[in-house]
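Asks: Chains as they are written, first to last, in this note's numbering: chain B, 1 to 397; chain L, 1 to 386; chain U, 1 to 260.
Since the hints were made in silico from the structure, they are not lab data.
This structure is a prediction, so every number in the text was calculated from the model and none was measured.
Glycine included, each C-beta is placed from N, C-alpha and C at the ideal position.
Mixed in with the good hints, there may be bad ones.
What the hints assert, rightly or not - Cut-off 30 Å, straight-line C-alpha distance, at most; resulting in silico cross-link-like pairs (DSS-like, lysine-lysine):
{"#": "1", "chain 1": "B", "residue 1": "K234", "chain 2": "U", "residue 2": "K52"}
{"#": "2", "chain 1": "U", "residue 1": "K256", "chain 2": "B", "residue 2": "K381"}
{"#": "3", "chain 1": "U", "residue 1": "K256", "chain 2": "L", "residue 2": "K108"}
{"#": "4", "chain 1": "L", "residue 1": "K108", "chain 2": "B", "residue 2": "K381"}
Said to hold, decoys possible - Cβ pair distances, simulated, as ranges:
{"#": "5", "chain 1": "B", "residue 1": "V263", "chain 2": "U", "residue 2": "R202", "range": "39 to 47 Å"}
{"#": "6", "chain 1": "B", "residue 1": "G303", "chain 2": "U", "residue 2": "G163", "range": "48 to 56 Å"}
{"#": "7", "chain 1": "L", "residue 1": "G271", "chain 2": "U", "residue 2": "W249", "range": "39 to 47 Å"}
{"#": "8", "chain 1": "U", "residue 1": "L257", "chain 2": "B", "residue 2": "R181", "range": "44 to 52 Å"}
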Amino acid sequence: MRIVVDKQLCTGCESCIESCPYDAIVMEDDKAFINEYCQLCRNCLSVCPEGAIKEIEDIYDREPPDVGEFRGVWVFAEQREGRLADVSLELLGVGRRLAETRSTDLTAVLFGATDREAQELIKWGADRVLHAEDPLFEYFNDDPYVHLLSRLIQEQKPEIVLAGATAIGRSFFPRVAARLRTGLTADCTGLEIDPETGNLLQIRPAFGGNIMATIVCPRHRPQMATVRPRVMKKGRYDETRKGEILKVPTDGLSSRTRVIQTVKEETGVSVNLQEVDVIVSGGRGVGGPEGFKMLQELASLLGGAVGASRAAVDEGWIPYSHQVGQTGKTVCPKLYIACGISGAVQHLVGMQSSDTIVAINKNPDAPIFNVADFGIIGDLKEIVPLLIKKLKELKGQ
Amino acid sequence: MDYFFTEEQKMIRDLARQIAEEKIVPVRAELDEKEEFPREIMEVLAQSDMFGIFVPEEYGGLGMGALELCIAVEELSRACLGISTSYAANALGTYPILLFGTEEQKKKYLPDIAAGRKLVAFALTEPNAGSDAAGIQTTAKKEGDYYILNGLKQWITNAGEADIYTVIAITDRAKGARGASAFIVEKGMEGFSFGKKEKKMGIRASVTRELIFENCKVPKENILGREGMGFIVAMRTLDQSRIGVGAQGVGVAQGAFEEALKFAKQRVQFGKPIISFQAVQHILADMAIQIEAARSLVYSVARYIDSGAKDISKVSAMAKVFATDVAMKVTTDAVQVMGGAGYMREYPVEKMMRDAKILQIYEGTNQIQRNIIGQALIKEATKLTG
Amino acid sequence: MRIIVCVKQVPDTAEVKINPETNTLIREGVSSIINPYDMHAIEAGLQLKEKKGGTVTVITMGPPQAEEALREAISMGVDEAVLLTDRAFAGADTLATSRTLAGAIRKLGFDIVICGKQAIDGDTAQVGPEVAEFLGIPHVAYVKKIEEITEEKIVLYRMMEEGYDVVEAPLPLLITVVKELNVPRLPSLKGKMRAKKAEIKRFTHKDIGIEEDRVGLRGSPTQVKNIFAPERKKERKILQGSPEEQVEWLIEELKKLKCI
């Protein structure tokens, strides 16, 4: 499929130019022309007053998709130093849902760790676990991960394979996709099944989170995606759940890279932010470092931690480790109180899956109110001290 | 306003502006506060070929002229006059070699200067000789293959940081002004050391120190021109470099003006941004008029110098006086427009005002500049009246 | 040492905003820049060259305008630039892009390939590892320090969530780099002048020997189905009244939800 301009109809009015988020429409000989920047977003289709912009089918579109023999949903269960990464459990949550929609099985693939972790994966929702044990998996190296996962996929032909968008997942998963010559969508924040086609709808932020895009991989299998940590909910843990653990042979594995040493670095607050139940977050409206002291007091009363928008961090009011959003941490506490944060999409993608969101902002049109459960239109410098006072009263202080 | 720059001139402007905004603005307040020499910025300038602008291509430079140097100086000065002083003083120290150096001297020194590997300083001023260059006490006595220098130079920009110094000393006191000579002295030469670091009102990101010569042995081939030409070397150098001080004035004035303009647009009093009050608009308008006039004069004179004209003393003095008086006035007005905020170190304009003052003083005070202009006028009057 | 740096020209996303009423991007005045992570890749390439000798070649795939990005790289000091431009490359996803870049890199020859960790418009971080797969060489992602390099091997720090791994890898190798690795240099005046005149090599799919249906949209397994603005929550409540009333109300609501 392609999008083209019908030169006969085009009047050269240029009204389509601004509609393209990719700068793909240019004027050539006083007519619009769609160049190689086009990403098929279809934004321009409805804009042309003459109906000159059209979607046309390529011969290639009529090739029958060879996807029928692929069945099953797989998630790659990441472990480091034998411990399952949280994102693996989140993948089981979303994987379970997808498998049920597709009336198929959910398989977890585990490289390294022990039987105990394999059992855990079943309790978190997997129907079966493909478990490979080998000293090579003690540290992360791309080669053995790529080689073994590709081999398993080629042998067993799952239709969906997911991994966490972590340092490990984002490093080796693309190589697997390239080796299998299939598509891969990075850093998804939403996964659904298209009821019409059964294809996986892969939703992810683009343009630094300013806009969301739905990606499909219609003619290739498996459909592969990495999923942003802390966005999906974990599956339901069921102590009694039964499943199958299959040991996978690891013959012929080797690695061209070698990890000499792993070094831990203190990340302090940032880790804390992803674990606490309450986050009180401040933006430009906080006005300065003193304002954050007030937010800290509120956070302490609620047993939580302080977060910040990029604007506040850029102003130097609070260190980067507190930053929530696209370029900071993704968090989903039970309660997120956004104070003086306007709500740029970059911030929203980092916190919008919080259970309850409270927004305090002077500007009633601030986009933060779009994701808030409760909004207070007012001055945080008035509201927050009142809130602190009331909470102290409640606690009998 | 468009001054019809060439592609190369625009490149210099854009790159100098990028350096100013990305590298200088973030550190200027700290450098000022700590009175620290901007070594890292000098490295950035070196790596960007900024030190080679006015050095001929055969010595590794870009072979450009006064106008191109002025463009770079103006952009740097817009961000920090202290840094632009360190940069411009390098050109000042290099001109004696460019104008009077032998082929050997040029080959030896200019490539390192153009690449920014070596920094240069110019040393004329002494405790008893500033505006009156004839009062120089430092002596150079020829002994075999060396000149032996003794004396003290004062308030020398880049002293201690520079590797190469062009120094004016007296070789024959009996001849008065015609008894001075110019020398290239290198850091590390026997008997050459540095005195105290001055604490200054402004341009505190530049270093100002004494040079001490105690039986300093300078090889005789390091003399610039011939014995007795020292005063001419100094005057021709200053004629050449003076326009750069004018460019500094335009730059710092522009920087202060932009700060004041931004502030006036944002600051609300009596329910309106203060820029909507005519009292403020008129101050801003006067600032803008003066800056544009100064810039036009500086560019015109720079182009005149680049044309190869010989009679540049008068016009370069005019540009220096006018642009630096404008700088003082505009930076002071910028503080006034910004009121209390302008006076606080949180905003950059108080520093700009402190910095601007030196422009009316160094490389010949504005009073001396007017003398130069006055003397040129007397000559012209003689021609008119016969 | 033959050093290849892959770059991408991207819209400056810091400037991209969305119009909430029309759900379209406001692109007015948005400029094109070299992807910021790729600036660190260029710097890494130049530093390697300074240390080990050799040449740095920068390549990009994009429309003819992407030449600007290559000229900027030349002004920083890279030796040579190659633009992969062809109508057939249009609409490429990461797989088709990687295949195309790898085709060009193979043609050029290489000892090390350096990419930024991801591009700020797509944020996929996939092209680097996929190029390495197409080239059949190992890669190390998220490199924050190059500790040691000899003719045969290289020792790197790879950023991980909780710290870093020290990784030893053989050459040839592909690395993707993070901002912590270095500070990109500014261009030089001589570099800018050279960049203005420099000849930029252009490759089409024919030059790199890849059939037309394996590049661009036709060689891309993934497609963008649609784009949309992040949705708004429906059930939000705006609390009314005086500040005191609002705060009391909020506390009641939060109590109901057992948040406090």
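Asks: Give a verdict on every hint.
Replies: Now for the hints, and whether the structure bears them out:
no.: 1; hint: K234/B with K52/U; in the structure: violated (49 Å)
no.: 2; hint: K256/U with K381/B; in the structure: holds (25 Å)
no.: 3; hint: K256/U with K108/L; in the structure: violated (83 Å)
no.: 4; hint: K108/L with K381/B; in the structure: violated (66 Å)
no.: 5; hint: V263/B with R202/U: 39 to 47 Å; in the structure: holds (44 Å)
no.: 6; hint: G303/B with G163/U: 48 to 56 Å; in the structure: violated (28 Å)
no.: 7; hint: G271/L with W249/U: 39 to 47 Å; in the structure: violated (33 Å)
no.: 8; hint: L257/U with R181/B: 44 to 52 Å; in the structure: holds (48 Å)
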